[in-house]
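Q: If you read the protein sequences in the order shown, they are chains A and B.
In terms of the working numbering, the first sequence opens at residue 1 and continues consecutively.
In terms of the working numbering, the second sequence opens at residue 147 and continues consecutively.
Among these hints, one or two may not hold up.
To be verified - Straight-line alpha carbon distances no greater than 27 Å define the calculated DSS-like cross-link-like pairs of lysine-lysine that follow:
{"id": "1", "chain 1": "A", "residue 1": "K41", "chain 2": "B", "residue 2": "K360"}
{"id": "2", "chain 1": "B", "residue 1": "K233", "chain 2": "A", "residue 2": "K64"}
{"id": "3", "chain 1": "A", "residue 1": "K33", "chain 2": "A", "residue 2": "K123"}
{"id": "4", "chain 1": "B", "residue 1": "K407", "chain 2": "A", "residue 2": "K33"}
No lab work stands behind these hints: they were computed from the structure.
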Amino acid sequence: MKIIIRIIFCLSFGALTLQANAHHAFTAEFDPKAPINITGKVVKVEWINPHAWVHVEVEDEKGKIIWMVEGGTPNTLIRNGITRETLVPGTVIIVRGYQSKGRLCLPRCIANGRDVTFPDGSKVFMGSSGTGAPRDGADPRDSKRK
Amino acid sequence: MKSIKGTVLFFLITVFSYAEAGEVMTTWFGDPDLQGTWTNASLTTLERPDNYTSLLVTEEQANSAATLAADFTEAIDNPYEEGESPKAGENVGGYNTAWMDPGTQLFQINGEYRSSILTYPEDGKLPRKWITWGIEAPSIYRMFTRANHPEQRSLGERCLVGFGSSGGPPMLNVLYNNNYQIVQSPGYVMILVEMVHDARIIRLEGSPLPDHIKPWLGDSIGHWEGNTLVVKTKNHHLQQRFRGAIRHQILITENAEVTEKFTRTSADEILYEFSVNDDVAYKDVWRGEMPLRRAEGNIYEYACHEGNYSMANILAGAREEERRNQ
Chain A
1 MKIIIRIIFC
11 LSFGALTLQA
21 NAHHAFTAEF
31 DPKAPINITG
41 KVVKVEWINP
51 HAWVHVEVED
61 EKGKIIWMVE
71 GGTPNTLIRN
81 GITRETLVPG
91 TVIIVRGYQS
101 KGRLCLPRCI
111 ANGRDVTFPD
121 GSKVFMGSSG
131 TGAPRDGADP
141 RDSKRK
Chain B
147 MKSIKGTVLF
157 FLITVFSYAE
167 AGEVMTTWFG
177 DPDLQGTWTN
187 ASLTTLERPD
197 NYTSLLVTEE
207 QANSAATLAA
217 DFTEAIDNPY
227 EEGESPKAGE
237 NVGGYNTAWM
247 DPGTQLFQIN
257 GEYRSSILTY
267 PEDGKLPRKW
277 ITWGIEAPSI
287 YRMFTRANHP
297 EQRSLGERCL
307 VGFGSSGGPP
317 MLNVLYNNNY
327 QIVQSPGYVM
337 ILVEMVHDAR
347 IIRLEGSPLP
357 DHIKPWLGDS
367 IGHWEGNTLV
377 VKTKNHHLQQ
387 RFRGAIRHQI
397 LITENAEVTE
407 KFTRTSADEI
417 LYEFSVNDDV
427 AYKDVWRGEM
437 PLRRAEGNIY
447 EYACHEGNYS
457 MANILAGARE
467 EERRNQ
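Based on the sequences and whatever the hints tell you, model everything.
A: What follows is the structure, given as structure tokens:
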């Protein structure tokens, strides 16, 4: 009986773990089946909690569209040396991540910034909002839990 | 500039006071001074990982833990080769380390590395009553699977309190925003929790609130025992029963009694001890301790609601999923 209850709880919490990793779970907001790889110019950075948002203007054959890319909490970014001077409007960046589950792009497309680099390959450092299904990666024990 | 000078002066006075006198600094009204900005970021977690067999670990083990953590975060920071794109349905990866502040080492108390925050039970594991946890499971599951309206989502997503037990009590470390500011005034001690802007106001020698008033972080009443601030908290909020994070998962039921002790041990450190007496969710009392170390910089206003675009995105995503499944 105890084992059964334990299993029920662990199964329930298994999903909640995703929730608890960040302000929200990756899968609550983003779609792991909708990867993106965009290159564009930063037009605005919102230094707001619970997530910073980078607005990127991307131009393709259809014209220009703004992507809002979700990042980390500003307090933590600042402590890690990422400031307003790190990402100034006009900077070209490459964003690899996943689009929001809505995929509506009305009026802007929304994505998480799993990996953000400058064109020379150096890191801008963003992050997924939660882990989707896997672990966060910060905890060295994670590798054993996969 | 004035505030910077003031901060520097305050810091120097604090350090000087400890260095010269070796005595506990006091506030202008005579209470031991706990004020400042503190952090509990650490690789040490509430429960003891299975790879440790004792509370104390060697320096070699601590260095190994730090190296392992650094290697792992390096790996997740570099998930793609140059020019490679993410693939649909693959492991979406985890946080980039720039987003986190989980600490880089196991913490030390009296110069000894610790494998867990828990000091009792001695095995470093919570003495859970699994029947209570099993009863709680369905509501936990619903919390993250339903998205008809914001009230169905978790308190963290709703910007009401931080996730896990970051705000406490007991105050436990999570992956980031492990920062606290303590401010004292005559009769009160206030603890501002960085995530999600929670302020716990501890009334010294105060009377309990009526039972129907249940603050998000419980009803805390404190007193001084020598230089130690002792805080007892009851009247826990019903929706704060379950506190889940990667690093800990605890239940604190409404009538649990959480006792905390804050002792300033140096200019740059407070020893934080706690015990949890909750016979609904646990078979025994559990106790823990960890250092609060002086944090660099300020805590900025969190203002979570104002920027919480994610809630709208979550609800919109749920509606889109419904549309696709019709």
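Q: None of the hints should be skipped; say for each whether it holds.
A: Hint by hint, here is what the structure shows:
Restraint check for A/K41 and B/K360: not satisfied, since their Cα atoms lie roughly 48 Å apart, outside the 27 Å limit. Between B/K233 and A/K64 the CA atoms are separated by roughly 24 Å; this keeps the pair inside 27 Å, and the hint holds. At roughly 24 Å between alpha-carbon atoms, A/K33 and A/K123 fall within 27 Å of each other, so this suggested pair holds. Taking the CA atoms of B/K407 and A/K33, the gap is near 48 Å; set against the 27 Å cutoff, the hint is violated.
In this structure, the hints that do not hold are numbers 1 and 4, in rising order.
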